[in-house]
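Given the coordinates of chain X, assemble chains B and H onto it according to the supplied hints.
Chains as they are written, first to last, in my numbering: chain X, 1 to 252; chain B, 1 to 340; chain H, 1 to 290.
Don't read these hints as lab results, they were simulated from the structure.
Note that CB positions come from ideal geometry on N, CA and C, so glycine has one too.
Check before you lean on any hint, since a few could be wrong.
[What the hints assert, rightly or not] Some residues of chain H that are not near chain B, with every Cβ distance over 10 Å (derived):
#1 MET1
#2 LYS56
#3 PRO58
#4 ALA98
#5 GLY121
#6 VAL127
#7 ILE129
#8 PHE140
#9 LYS160
#10 GLY214
#11 LEU219
#12 GLY235
#13 TYR246
#14 SER264
[Stated by the list, open to error] Here are the computed distance ranges between Cβ atoms for each label pair:
#15 X:ALA149 x H:GLY111: 54 to 64 Å
#16 H:GLY111 x B:LYS160: 23 to 33 Å
#17 H:GLU213 x B:LYS160: 53 to 63 Å
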Amino acid sequence: MKDNGPFLQVSNLSKRFGGVQAVDSVSFELRQGEMLGIIGPNGSGKTTLINLITGFYKPNAGKVLYQGKDITGLMPYKIADLGIVRTFQMVRPFYQLPAFKNLIIPLYSPRVKRLAGGKYGDRDAIAIDLLEEVGFERESLVPYKITSALPHGYLKKMELARSIAMRPELVILDELFSGLSMAELASMLPIIEKMISEGITIIMVEHRLKELFRIANRVIVLNHGTKIAEDIPKDVMKSEEVKKAYLGTEVT
Amino acid sequence: MKPAIGMKYRKERIDRGIKARTEDIFALLSFREMLYLLAPRAILLLAVFITPLFLGMYGKKVLINTAVFALLAMSWDFLISVGMVSLGQALFFGVGAYIAGILNDSLKWSPLFTIPIATLGGGAICSILLAPVLRLRGVYFAMVTLAMPLMLMRIIEATKIFGGTEGLHGLAPLPGVWLELYLSLGMVIAVLFFLRRLINTDYGLVLSGIRDNDRSVLSSGINIYWYKMQAVFVASAIGAFAGAFMTHAYMFVGMPAFELDYSILPIAAGVVGGTGTFAGSMLGAFILVTLSEILRGVGGVRIVFYSVFLVIFIVVLPEGIFHYLQRKYHQFERWVKVEE
Amino acid sequence: MFQGMLIYGLINSVILALVTLGFNLTFGISGVANFGYGGLYILAGYTIWILFNLLKIPYLVAIVLSILFTAFIGGLMYRFILLRLRGLTNLEVIASLAVGVIILEMFRVAGFIGFEYTLPGFISGSVPIGETLVDAQRLFIVGIGMVLALFLWIFTRYTKTGLAFRGIAQEERTALVLGINSDKMATLSVAFGSGLAAIAAAVILPLGIIAGEGGYTVLLNAVAVCIVGGLGSPGGAVVASFIIGYAQTFTATYLGSHWTMIVSLLAIILILVIKPSGLYGKQKEIEEKV
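One chain only, chain X, in its complex shape (with noise of 0.2 Å):
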């Protein structure tokens, strides 16, 4: 393993849409194998700063440098190829079409042909293996399904799948946990960290707290784009700070 430094490094990252600066010289670092969650309330700023990662939105100043190499501002598919991987908030897979169609296009991305050593393989029964791996029953034929019969849980594990068959180095999961049920979550909590011990590094931008804060190794917080706090889960929340941008300002 090379050692150029951190495995993700965010240098003074600012974006400004008109007159809102969205993201306002974030910076942070990242090791490898690392479980990181960005937190923070709404509009402070969290998926922007995943889409400036990720190459969908251009910054106005700052930089990205993954594993040593400059991506900033990279076209979204090349930075996806290069491993780093990310999920959506809003899912919208095809929904007349079977469960397993979904995990197609990953699959017939350059770079799982390239780490498969050249050969797609067999997309159909890869994707349907994956989706088994994310919990969907093989023997009820559940992979099968139009998804559009699927509750939301099972769209949102198959937008796990979807990163998880590209081989990715870091996943980067918007809001994973939003409108599943316990039940659901639990269901999901042995996925990650079954990523986890496979060598993925994961961010996590989150509002679902208590979980996140018992698979995290670290948590950043943002609040009207800048970075307020950086913290383990047990300690971040102490902070005044935190408190007064969650809560508002009188806090007793």
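Structure of chains B and H alone, referenced to chain X:
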């Protein structure tokens, strides 16, 4: 029949039994199942290849015209399937027409060479021309495709190149009307089956992904702009073929090759017939061209005719005729009492 | 000749800007690319002609009525056809183009072709500027252009509707949260854009004859200016109008008038190669499909 007011009912659509029985390999279960699947396609093929035998010269010419427009319509439909709205099928048509015409006029090459070269060359030129707008919002593609053929038309008129307003006359014909007929119809069938197959492959799934959710496809490491360019190549090659074919069918190429008619009709055909299925746009082209021949009028009226149909269908039956028929064939509807 | 070119270049640029403004603003505000714009322009022209020549209504009144009528038709078109397709940009674009084509071709089919279809100018006579003789109607156009620009500037900054327009243009979701009715605003902005087309038609058409063909030229020019200037940016539209306007006049003066369309096409190709989103076009952010 809708039940009486006061009772709570909702409409339910269920696949017919026979559709379910023909999923995958079960279609080979019996002749009845196979017939269900094959019938539409067989009827189509039969109609396409038998009809010409019953038509006089005029009818044959109309059919050829229809085939050419069907090609343009399917090309348009293909671009829609990737999420691009083309307001300028005339660009592809005109480029192909002129390449064939120029090659034949100055180099005296026969249609055997000019048509394939025009098809591939036209595809290449148009993809390169449109490449820069593929990264922008869809409306830019619409604007550029609208503007280019109309501008090219005016430029040819003004600078008198390539024959100017007169155009190029006396070009080589195709050997016989039967060949014209079966070449054009054959191409329509070939393109229809090719596109339908393509859209059902994993490659086609990527294209549909680009239409529905391009951010997701991007984050799957796929260069959507390259795929879009490939789609433009395929679509413009089909359009260029249509243009090159017409050049030799009429032994003439001129400014009218870039006319708005060639852009509007494919759109109208797609909307009327139903986008996304290729058979729908082909059907739409056949309906519209045939109808406008029957309602024979002055040249300028046709475009109004197509546009009016377009608007009416967009408002009344946006899914198009083919989807409607498909739904009726595969599903039946019934009113179901709503459980309280 | 050079001085004449400078002056006519200015006039040509203002004409282009006038003609493009409605199209550009409609898109900038409501995201609707109204490809029926050319049709509405010509509709306004013929309406004035019919009101003035057939119904003998006083000229200025005819113009005002025509502007209102065109705005109304534009809004109607949006409300009954395009509104159903809101969000399906594909179909919106197609439908508006079809409507425009129907309008343009219907006039042609109904026989409104010929040299009698002209509009009288507002001011007759010519004014010498330096060594060049410029007809007063053209100067009038420049004047109207400046007045219109001023009016729009004030409108979008100081009136409620104007501010609402800007709000939607910049951030639709926030505007919705603030209670601005997006659908109503979109209809209004299409009507507004159509009204602008009518104003442009009223001042420019007297320079020549009214013909369906002109509608396509108007649409082409508006599209060319928007591609070069960047869609949705009024500033870009003005700058692009001047660039293309002067380029056209320059080539017409020194190379011959048949080169003008080539200039427009070259401008488009050049912009596509250098900066595809247009001079003032926003960066090509990959957008969230609402």
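Hint check results:
| no. | hint | in the structure |
| --- | --- | --- |
| 1 | MET1 | 21 Å, holds |
| 2 | LYS56 | 30 Å, holds |
| 3 | PRO58 | 33 Å, holds |
| 4 | ALA98 | 4 Å, violated |
| 5 | GLY121 | 26 Å, holds |
| 6 | VAL127 | 31 Å, holds |
| 7 | ILE129 | 29 Å, holds |
| 8 | PHE140 | 28 Å, holds |
| 9 | LYS160 | 28 Å, holds |
| 10 | GLY214 | 13 Å, holds |
| 11 | LEU219 | 8 Å, violated |
| 12 | GLY235 | 18 Å, holds |
| 13 | TYR246 | 19 Å, holds |
| 14 | SER264 | 6 Å, violated |
| 15 | X:ALA149 x H:GLY111: 54 to 64 Å | 59 Å, holds |
| 16 | H:GLY111 x B:LYS160: 23 to 33 Å | 31 Å, holds |
| 17 | H:GLU213 x B:LYS160: 53 to 63 Å | 19 Å, violated |
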